[in-house]
Amino acid sequence: MIEWMTTTDHKKIGIMYIVTTMTFFFIGGCLAMLIRAQLARPDNDFLSAHAYNQVFTLHGTAMIFFVIAPFGLGLANFLVPLQIGAPDVAFPRLNATAFWMFAIAGIVVFSGLAGYGGAAATGWTAYAPLSEIAEGTGAGQDLWLIGLLLASVSTILTAINLMVTIFLFRAPGMTMWRLPIFVWEIVATGVLILMAFPSLTAVLALLLIDRHLGGHFFDPAYGGNAVLYQHLFWFFGHPEVYVMILPYFGIITEIVATFSHKPVFGYVGLVIAAFAIAGLSIGVWAHHMFTTGAVSNPFFSAVSFLIAVPTGVKFLNWIGTMWKGSITFPTPMLFAVGFMLNFLIGGITGVMIASPPIDYGVHDSYFIVNHFHYTLAGGSMFALFAALYFWFPKMFGTQLSDRLGAWCFALMFVGFNVTFMPMAFMGLEGMARRVYTYPNIAHLGLLNAIATGGSIVLALGVIVFVVDVVTAIARRIPAPANPWHGYSLEWATSSPPPEFNFDALPPIRSRRPVWETPS
Amino acid sequence: MKSFVGIFVCSALFGLAIAVAYAWVAHGEIVGTILLGVMTAALAFAASYALIAERAASLDGDDPNISNDRVAGEDLGVFTTKSRWPILVAAGAALGLCGLPWSPFMTACGLIIVVLCLWRMGAESARMNASTTSTGTDR
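Protein chains in written order, with the numbering used here: chain A, 101 to 619; chain B, 49 to 187.
To be clear, the hints were calculated from the coordinates, so they are not data collected in a lab.
Careful: at least some of the hints might be erroneous.
What the hints assert, rightly or not - Taking lysine-lysine and the DSBU-like style, the derived pairs with C-alpha atoms no more than 30 angstroms apart in a straight line are:
1) A:K424 to B:K50
2) B:K50 to A:K362
3) A:K424 to A:K362
Using the sequences and the hints, build the whole thing.
Structure, rendered in structure tokens:
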């Protein structure tokens, strides 16, 4: 225990990130099941309005700040030094500090549940002036603010560490244009974090000042501006969406190329697309604010449409990589294909709501819930499971079951779509998000019952995954160094890798050093 | 290193372009223009720093034809494998922040813990670097 608490080894820290994020994933998943239980039928009183507000706030906060974004960075912690042939990250102590800040941040946020008034209940966006009300709301909102402040500083530190590692610690011959696509996606994510996260840190600090130190930045009654909060929040918030997706694009690229047994198609295009997405994502923040009437809708609409182009390039490259490949479908590839199908739906609905006239119609409705779950749950979460199945042997030295993996995928894919597809129709019927109950009109009762049924199937899929992990760890059948015939450097070392990663590095003469090394 | 410089220079130029486009299309809307302007200035600073740093840099990782034999035994410095200070720095930071709304004393304690632990962490790092010859990580 002490060994893990004091470690600065990037592999152990990466594993701790992954275990911590998966713990928050299970907590966030349980909260999601509470939401679905409450909404299973109309006029339900399983949860009170205040309890429901806390549940959906913590669900969103957990999944966004403590699961999807940090999992990508945690995986990068484990993988980046291995993929570039480095012995560790550039600043191992800073890396450990960032991890512990992140882990403590999660505990701080959730500790609000134990206090008077409960946890934060203003949604993961914590819009002012609602979130500015300090009297009578207990400590939950403050703990939420403090937790996220810590998490945002931790994320910035991790981004700096990873970027310095990639730029300065590459193995001999590992030029930038030979980096695996996952590493490039982490570079783009790092730039994005440096551009966007200071805005989150600032807005949280200002909110804390407003709540406790007599500030009035967002209080219109004292000359403050509530829309300023939205600007600052979304200047971070939309790039954050891409912080939650770019690493997963990298994961999918690695997996698709490995199981198509072909080099990545359009390597340079993929890199350019990653940076185009990162750049454009900085100019789309106010498409979340179309309905305020206080922003330039044509500008933000145009840039939001544009961002679909580099995303489409990535799809083209994945299809090109698979084209005429010798494709096999072990569990990671199943999840990768599931990712593509789900993310495509999320992307298409994203293009729809980038149009202000449509957004005015569906704003704050379940159509939006459908959209972002298809991108972040059907997209990123499926890629997360793909990554777990793909790199589990490298991390733990033992392999997960392909049979249980196929069951896990099938249950999750069916469960996910049955849960979230009806939400598009609920939204079009006018069901508002973030309300704890609803009347039985326009088939809303039926659609919600179907969604709740789907969520149970989805949860079963997650349970199968847990069984798979427990069984694999109990059986401990040693995994070979390269069980998937992968091409990047992490497959050139043992599973799990030794301290400082490599006993001997293979010569690096291309983007696929392992495929080109005689065995 | 050239790619590294290119990333920051291109990001700064892109930031400038989007800031100007936004200011023009949104008729100088003040919040967004300032946000994009500050971001562009920060990226320009990073790009300038990268340009200056790049002049003296020469990395084995940038040489496409380098052989492992040529750099075998190269000293990569010291990579620590454990330290007790990071978790204490994080705990101190959390304590300090938790004190902000309720207890200045807690904030002061947190701040003191962070400063002391960072100082100890620096000393630990310096001690390890001083003994680099015996514990350094080689290729």
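- Below or equal to 30 angstroms on CA atoms is what counts here, so check B:K50 against A:K362. Within the cut-off at roughly 29 angstroms; holds.
- Message: Run the distance test for A:K424 versus A:K362: straight-line Cα separation, threshold 30 angstroms.
- Response: Answer holds: A:K424 to A:K362 is near 9 angstroms, not above 30 angstroms.
- Task: Starting from A:K424, check that the Cα of B:K50 is at most 30 angstroms away, please.
- Result: With Cα atoms ~35 angstroms apart, A:K424 and B:K50 exceed 30 angstroms; violated.
The structure is inconsistent with hint 1 alone, although it conforms to all the rest.
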